[in-house]
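Engineer: Let the sequences and hints guide you as you build the complete structure.
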Amino acid sequence: MVVCKFFLQGKCKFGDRCYNEHTQPNPRQQGSRGRGRYDHQSQRRPDFSRDSPFKQDFIQPSRFQSQSHNRQQGDFSSPFSRGSGKQQTFQNQDKFHWNKNNANRFSAFQEQRNDIETMDNASHEQQIISTIQEDMKTWLQDRMWPFSCYSYAKETKCLEGLPDIQPEELRTIFYLHGMESYQGIIQEVKAMYSMRKQELASMTDAVKSAILGNLNSSVEDNPSSCLTILKMYGPGVGFKAVAEIGRKSPASTTSDTPLSNPTFPPSQFTDTQKLSVPSFGTSNLVSLPETAPSTPPASISTSTAAVKPSLFKSDGVAKEQSSVAVTSDSTYTDKTQLSEAEIEQFEAASFILGKIPMRPPPIEYCR
Amino acid sequence: MSFFGSSNTSSFSFGGGTAATTTNHNPMKDIEVTSPPDDSISCLAFSPPTLPGNFLLAGSWANDIRCWQIEDNGQTVPKAQQMHQGPVLDVAWNDDGKKVFTASADKTAKMWDLESNQSVQIAQHDAPVKTCHWIKGSNYSCLMTGSWDKTVKFWDTRSPTPLKVMNMTERVYCADVKYPMAMVSCADKKLVCLKLESEPQEYQKFESPLKYQHRCISIFKDKSNTNPVGFALGSIEGRVAIHYIQPSTPRDNFTFKCHRSTTTSNQPQDIYAVNAISFHPAYGTLSTVGSDGRWSFWDKDARTKLKGSEQLDQSISACAISHNGNIFAYASSYDWSKGHEHYKAQQKNYIFLRSCAEEMKPRNKK
Numbered sequence: 001m002v003v004c005k006f007f008l009q010g011k012c013k014f015g016d017r018c019y020n021e022h023t024q025p026n027p028r029q030q031g032s033r034g035r036g037r038y039d040h041q042s043q044r045r046p047d048f049s050r051d052s053p054f055k056q057d058f059i060q061p062s063r064f065q066s067q068s069h070n071r072q073q074g075d076f077s078s079p080f081s082r083g084s085g086k087q088q089t090f091q092n093q094d095k096f097h098w099n100k101n102n103a104n105r106f107s108a109f110q111e112q113r114n115d116i117e118t119m120d121n122a123s124h125e126q127q128i129i130s131t132i133q134e135d136m137k138t139w140l141q142d143r144m145w146p147f148s149c150y151s152y153a154k155e156t157k158c159l160e161g162l163p164d165i166q167p168e169e170l171r172t173i174f175y176l177h178g179m180e181s182y183q184g185i186i187q188e189v190k191a192m193y194s195m196r197k198q199e200l201a202s203m204t205d206a207v208k209s210a211i212l213g214n215l216n217s218s219v220e221d222n223p224s225s226c227l228t229i230l231k232m233y234g235p236g237v238g239f240k241a242v243a244e245i246g247r248k249s250p251a252s253t254t255s256d257t258p259l260s261n262p263t264f265p266p267s268q269f270t271d272t273q274k275l276s277v278p279s280f281g282t283s284n285l286v287s288l289p290e291t292a293p294s295t296p297p298a299s300i301s302t303s304t305a306a307v308k309p310s311l312f313k314s315d316g317v318a319k320e321q322s323s324v325a326v327t328s329d330s331t332y333t334d335k336t337q338l339s340e341a342e343i344e345q346f347e348a349a350s351f352i353l354g355k356i357p358m359r360p361p362p363i364e365y366c367r
Numbered sequence: 001m002s003f004f005g006s007s008n009t010s011s012f013s014f015g016g017g018t019a020a021t022t023t024n025h026n027p028m029k030d031i032e033v034t035s036p037p038d039d040s041i042s043c044l045a046f047s048p049p050t051l052p053g054n055f056l057l058a059g060s061w062a063n064d065i066r067c068w069q070i071e072d073n074g075q076t077v078p079k080a081q082q083m084h085q086g087p088v089l090d091v092a093w094n095d096d097g098k099k100v101f102t103a104s105a106d107k108t109a110k111m112w113d114l115e116s117n118q119s120v121q122i123a124q125h126d127a128p129v130k131t132c133h134w135i136k137g138s139n140y141s142c143l144m145t146g147s148w149d150k151t152v153k154f155w156d157t158r159s160p161t162p163l164k165v166m167n168m169t170e171r172v173y174c175a176d177v178k179y180p181m182a183m184v185s186c187a188d189k190k191l192v193c194l195k196l197e198s199e200p201q202e203y204q205k206f207e208s209p210l211k212y213q214h215r216c217i218s219i220f221k222d223k224s225n226t227n228p229v230g231f232a233l234g235s236i237e238g239r240v241a242i243h244y245i246q247p248s249t250p251r252d253n254f255t256f257k258c259h260r261s262t263t264t265s266n267q268p269q270d271i272y273a274v275n276a277i278s279f280h281p282a283y284g285t286l287s288t289v290g291s292d293g294r295w296s297f298w299d300k301d302a303r304t305k306l307k308g309s310e311q312l313d314q315s316i317s318a319c320a321i322s323h324n325g326n327i328f329a330y331a332s333s334y335d336w337s338k339g340h341e342h343y344k345a346q347q348k349n350y351i352f353l354r355s356c357a358e359e360m361k362p363r364n365k366k
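Chains as they are written, first to last, in the UniProt record's numbering: chain U, 1 to 367; chain D, 1 to 366.
Honestly, the hints are just simulated from the structure, not real lab data.
A few chain U residues facing chain D, derived, Cβ under 8 Å: (1) Ser151; (2) Tyr175; (3) Leu230; (4) Tyr233.
Just so it is clear, CB atoms sit at the ideal spot from N, CA and C, and this is done for glycine as well.
Structural biologist: Here's what the structure looks like:
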C-alpha cells in the first residue's frame, strides 16, 4: 500500500476516504498486488469535480496511476468493508473534518471501530463500553438470533454471561422433548439472555468494572460453560424412545410420524434408465439394529411435566436434580459410581469451571 | 409469547417490515426438485467428479436423506432414500461417489452404500453429530465427525472405535474439509485449523474475525485451485469473514455484510443469519444463503457482489454447487431462526436448482 504523503505532512484532505494508507511513518510492505477496482459507480468522479479547486495543489497521485488501486477503509458502494484491525483514522489530523460528514454516502459501510487502537487506555475503555452498550440496545430490539455469544470487536474475547446456542440445538430439543418442555426452556433462556443484555446496556459501574477486569485478564473466555444443554440431547436422551411415543410436533396435521411415512412413492425408484453407474436400486426403509448404547425407554414427555428442565447451571446442585431425568433411577447417581474427581467437586464449596461433573450428585449430597 | 423483540412488540411476520413482501416461493423461477423432503432441509451435497452425472443428496429434519439424479435437461429423478432415527444434520459423499455419510441428531453417523442401498452405523457420539466430512488422504482415509459433545472424531469405516478423538473446548457448530486442511468452528466463536497430512492434528487456533455466533464455514483454495489457503466464515449477524491462513498482508482478511435488509434512516436494519456458504469449484467465487430467503454470489478477490436473488418466502437453509460448477442448488425451508412460533409443519419445503456457470464467473479486474 502506498503511504499517503499528505497525511504524513498532516494535510490530507481526503481523510479516511483517502485511497492511500494513513499510518504511522513505519516502512510498510506493499501488498502483493493491487486490489481490484469496483464495478459499481465510480466514486472518484464526483469527488474529483467537487475538489477541483484544489486540483493544482493537492493532486492525489494515486488517481492517475494506471495500476489498480488498493482499497481504502470502507468507502465503496460494495458491501465489503474493512475489518482489518490495523485500520486507523487520525481524527486529530483531519482538518477538513471528513469524519463528521454524515452526508457521506458511504458511511453505512464504514467500520466504526477503526480508532480503538489509537486511543489511550481510558478512552479505549470508554469506546469499548459504549460499543457494548450500543450493540446490546440494538440487539434487544432487533430480530437477530438472540442466543449468541458476543464480543465487542473482532479477535477479542467473548463477554461473560452470554453463552452460545445454535438454532439447531433448540430445534433438536423441541423435537425430542415436545412443546411443553421446550416452552419452559425457551422462557428461561430468553429471560436469562435479556437480563444479561439489559445489564450490559445499562452498564452500571459494577458491570463495567467486571467487564474490563475480565477483558484484561488472560483467562480464556468460555461463556458457554454455564450451560447444561448437553443434558437435553446428550447421553440418556434419544430419538428412538421418542419415536415410540410419537413425535410431538404441535402443528402437525397428520398423525404419521416421519419414520413411518415415506413420501417418496416407491414407484419412482425403479431405475428405468441404464446408467453406467451401478444403480441404487429401489428404496426401502432400513431400520438398523441399534448399536448405540441402549437408551432406556424414556418417559420423556411425561416426566417433563414433573420436573422443570433447565439449560443453565445454578449455584447449588439442586438444579442437577431438576434437569430432565430419563428415569427416576438416574436422578441421583450412586456414590459408588462416581469417580474421585466428581466426588471432590461435589464436596467442594463451589464447582470449578471445566471440572463440573456431568452426572447428578448422589442423594447424600442433596439433603 | 413472542420469541424475539421486546415485550412491547407483537410477533412479526417473516420477511420484515410492513411493506408487502414477495410471497412467491420461487421468485427466481429456478428448477424445483421433485419430491422434496417433508421437513426442513438441513444439508445439500452434490456427487463428486468421480461419479458420472450429477446426483444431489439432501438431509432433512424428517429423519431422511434423499438422493436425486439431476439430468442435463434439468429433470430431477428421485433415486433413493435412507432414514435415521433422528433429524439428519449433515451429509457427505466419499471420494469415489459410491458411499454416502450422514450425520444425525440421533448421535450417530451412518455410511450408506449406494450400490447395495444398505446403511451401516459407523460413528457414535454422546450428542447429536452436527458435521461429517470425508477425508481422503495420501495414506489414510477416514470420516471426520463433529458433534455437540465437544469432540471431533475420526472414523475408519471398518472399525467401531474412532481412529482419533479430538476434544474441543466447545460444541462443534460447523466444519469443512479440503485436504490437507480442515477447519472446525465451535460455540463461543472458537476456530481451529487442522492439518491432515499424515494424521489429523491441530495446526492453529484462530481468533474469530466476527463478533457473533459462527454459523457456517467453507474453505477456499488459491488462485491455481490446488491448495486450500483460507476460509469463509458466516455468522448470525449477516456478515461473512474471509480469512487467509497465512495472509500476505493483514488487509487480505476482511469481512463483508450480507443478508441484511436495506437501510432506511429511521428503522434499524434487519439482520439475518448466513446459513451456508459454498465456493465454486473452479472460479473461487462464493455463494451465500441466508435466513432472509435470499441467495447471493460474491467475488471475494474483486470484493464485489456478482448477483443477488429476489426474496423467497422462506429462509434458505442450505446450498451446494455441483462438482463441475454448473448447478447451484439451494433449499428453501425454515431454519428455526425465529423460534418455534414460525415453524409450520405443513409448509412445503423446496430445493431449487439454478444454472450458475455464467453468473458465478469472477469479475475481470480492470
